[in-house]
Amino acid sequence: MAGNVFAEGVSAGRLDSEELLRNFGDLHPPLDDHEALVAADRCYFCHDAPCMEACPTSIDIPLFIRQIATGTPDAAAKTIFNQNILGGMCARVCPTEQLCEEVCVREVAEHKPVEIGRLQRYATDGLMAKGQHPFTRGEPTGKRIAVVGAGPAGLSCAHRLAMKGHDVVLYDARPKAGGLNEYGIAAYKTVEGFAQAEVDWLLKIGGITVENEKALGRDITLDGLKSDYDAVFLGLGLGGVNALGLDGEDREGMAPATDFIAELRQAPDLGALPVGRDVVVIGGGMTAIDAAVQSKLLGALNVTLVYRRGRDRMNASVFEQDLAASKGVRIITNASPVAVHGNGAVREVEFEYTDNDLKPTGQRFRVPADQVFKAIGQTLTGEGLPEIQDRKIKVSETGRTSLDGVWAGGDCASGGDDLTVTAVAEGRDAAEDIHAALMG
Amino acid sequence: MADLTTEFLGIKSPNPFWLASAPPTDKEYNVRRAFEAGWGGVVWKTLGEDPPVVNVNGPRYGAIWGADRRLLGLNNIELITDRSLQTNLEEITRVKKDYPDRAVIVSLMVPCEEQAWKTILPLVEATGADGVELNFGCPHGMSERGMGSAVGQVPEYIEMVTRWVKENSSLPCIVKLTPNITDIRKPAAAAKRGGADAVSLINTINSITSVNLDLFAPEPTIDGKGAHGGYCGPAVKPIALNMVAEIARDPELQGLPISGIGGVTTWKDAAEFIALGCGNVQVCTAAMTYGFKVVQEMISGLSDYLDDKGFASVEEFVGRAVPNVSDWQHLNLNYIAKARIDQDLCISCGRCFAACEDTSHQAIAMKPGRVFEVKDDECVACNLCVNVCPVEDCITMVQLEPGQVDERTGKVVQPEYANWTTHPNNPGAVKAAE
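Residue numbers (our numbering), protein chains in the order written: chain S, 1 to 440; chain G, 441 to 874.
FYI, nobody ran anything at the bench for these hints, they're computed from the structure. Bear in mind that the values here come from a model prediction, so they are computed numbers and not experimental data. Where a beta carbon is used, it is the ideal one built from N, C-alpha and C, also for glycine. Just to be clear, a hint being listed does not mean it is correct.
Okay, the calculated beta carbon distance ranges per label pair [as the list claims (entries may be wrong)]:
no., chain 1, residue 1, chain 2, residue 2, range
1, S, E19, G, H801, 47 to 53 angstroms
2, S, A129, G, D663, 56 to 62 angstroms
3, G, M441, S, D390, 39 to 45 angstroms
4, G, M441, S, S58, 20 to 26 angstroms
5, S, D228, G, Y469, 50 to 56 angstroms
6, G, R510, S, E249, 58 to 64 angstroms
7, S, D259, G, R509, 50 to 56 angstroms
Sample of chain S residues lacking proximity to chain G, with all beta carbon distances greater than 12 angstroms (derived) [what the hints assert, rightly or not]:
no., residue
8, H34
9, D41
10, D60
11, I65
12, Q67
13, T79
14, H133
15, K214
16, D322
17, A345
18, L380
19, K394
20, A437
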């Protein structure tokens, strides 16, 4: 154990590089050929398969697994990419335990689902490693489309539009494309620069120009895009972070969990990334788990995740909760923050136990904290956007907004469940609708 | 994606995957579903004379399974269609009209009288079907009535009936062969003499899949009794491949088109039949096990294979393996290999050791720490260890180069080909040419 693991405050180098390397290695190591055949063999090739039904992008799972089983993993990859061009990332980050694998007949019957996620990764990694892009562009249509946001929704939309022969300009506010794939997912789920490699591979379709560091409202405007392009797709994501609404919220050591995750993902040297000795994460979703687990893996001595309702109400899946627990994260439920204490920097967070209806019980406790990550949700930001519904851009089933010629999808759009795979589906479906609208 | 279009006897289909004459092709409803799923053609379940036959009302199928209840072999006692001739003819007409790009072949089985064939053939031609297949193979139920394999087991009958069909119809005629004979070349030759345009094989094999040890009766059991059925599915593929190869490499039968049948389950099975000389394949059990959608994997897999090999069409590799099907006596005795165990892949189960030590040549050493190594001075390269190893490619056979010493015999590996016919131990050996 490195020397300064007990150091108080927020400091770097709590663990040596070897330990960091191990901690941030692949969460689910890839299947080798033999493992993939054995895993594929368990699939029953169900009729009208529940897994396929549960997949937001409707990947033909039985077919691709059969293609693996019959020694044609590249054909399997094509089956996947036909429906989900980000099938590689989704294989890594999808909460499969809540989607395809939850309804796998073998999960229902024997609590051991076919390992769909890992098989998907096996197939997609294989084709991508060959540098092959399985699709070719259609005849040029002469139509130009602006896609705002190069996250899962924007990438998926841009790719499908490019495939149809349209020219796409893909704008993104950040220095790199990828959105949350690049800035917002735990590092151990997408190791070795996979997010950028996937973007590069996706762009091989051609016809997509990426414009980084172009933010809507700052460098480009919706009105401008509408007049310059034949159609606009908004895949902005959620740029704002919800506040706790407490005094002392701006104390040193308090930060949005999303910032911490982004910083960690971009850090060239994890050993140089500071983390607190006592970290408190407030929230109960995937972002909270990702921040808590990664704090622990960076070397924080005590990491406490506090959620205001019961464990069954947490947005993070049971698998994610168990993962956090197995890494040593303490999960406290039914407790809401009431005060941030400290003298300059944060020293403690005070909580009050609350029941499932958030009714305060009067019982309070304090948790030591030199770093606090807020993960209580993100919000849509921006002005001049199409009509808003429930704090998101109101869209039809195919992503049409209240403005003519403007579509939206992904986390910024109403409906959906803020998953990568849902964003991919929405981007793809909007692209199909844009194509239909433009080509009559 | 490669073009899988095939032409068999001039009959075009978008891919070489046809459904065999069997329960899946008994009705318009099924066939339409099959075509929607992507099948290239169907051989309509065998039509017979009215009144139609009747089927049993108890279980028609028996099965054997591998691990995880994977269906490996299926046995059936269903007869030819039990629906009226007119119903079938009307349905065939409608389906062919709606799917002109798919192959529709009609399987037939009527009594061994020319008049019976003269009567049914014009009716089939009127449907617009692309050809007929003569069911000389059904091994149960019909054979007792002098049809099916009762005809298929007598070459003279095959020739006679085939000739009637060719004389009374202009449709391409495929003769379906039963494997329940000793030499498949004889019925194939008879079909050829009778004028058959092609043969298809194999039909099902006489079988009893299992015996119920409480009832002391074969499965499937109907009211305490069971009858032999026709065996099919993945388990019969090796038998079918051999029979196909025997016909494909017979000098007298060369050029006779073959439609391959017998356990085709994946694209690879189909490719193997095609490499052995089949112009297309017919499938039944895979569809009955997994549904019609299973053809999608066959299509993508075969297409990838063609692309991978650089073949522009299926036609390009039909029969490519035929010249390499040899007789034992012509195998090269100077080809010497040794087993090699990849220690990185080995999981130390010891199955190779048990197999070799107990049942073969004591050519694998078990060393401390459960390390298994091949003893080159004992290994005869029998391949048993490869076949029992649970890990793909963990054990392989590596050829010794000419000039190397075979430690088992102490002899230097010779570069030239030499087979049994010239071997000194062969009492009938012919002297090698000087």
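Review point. In ascending order, which of the hints set out earlier in this document are inconsistent with the structure?
Key: Those not satisfied are hints 8, 9, 10, 11, 12, 13.
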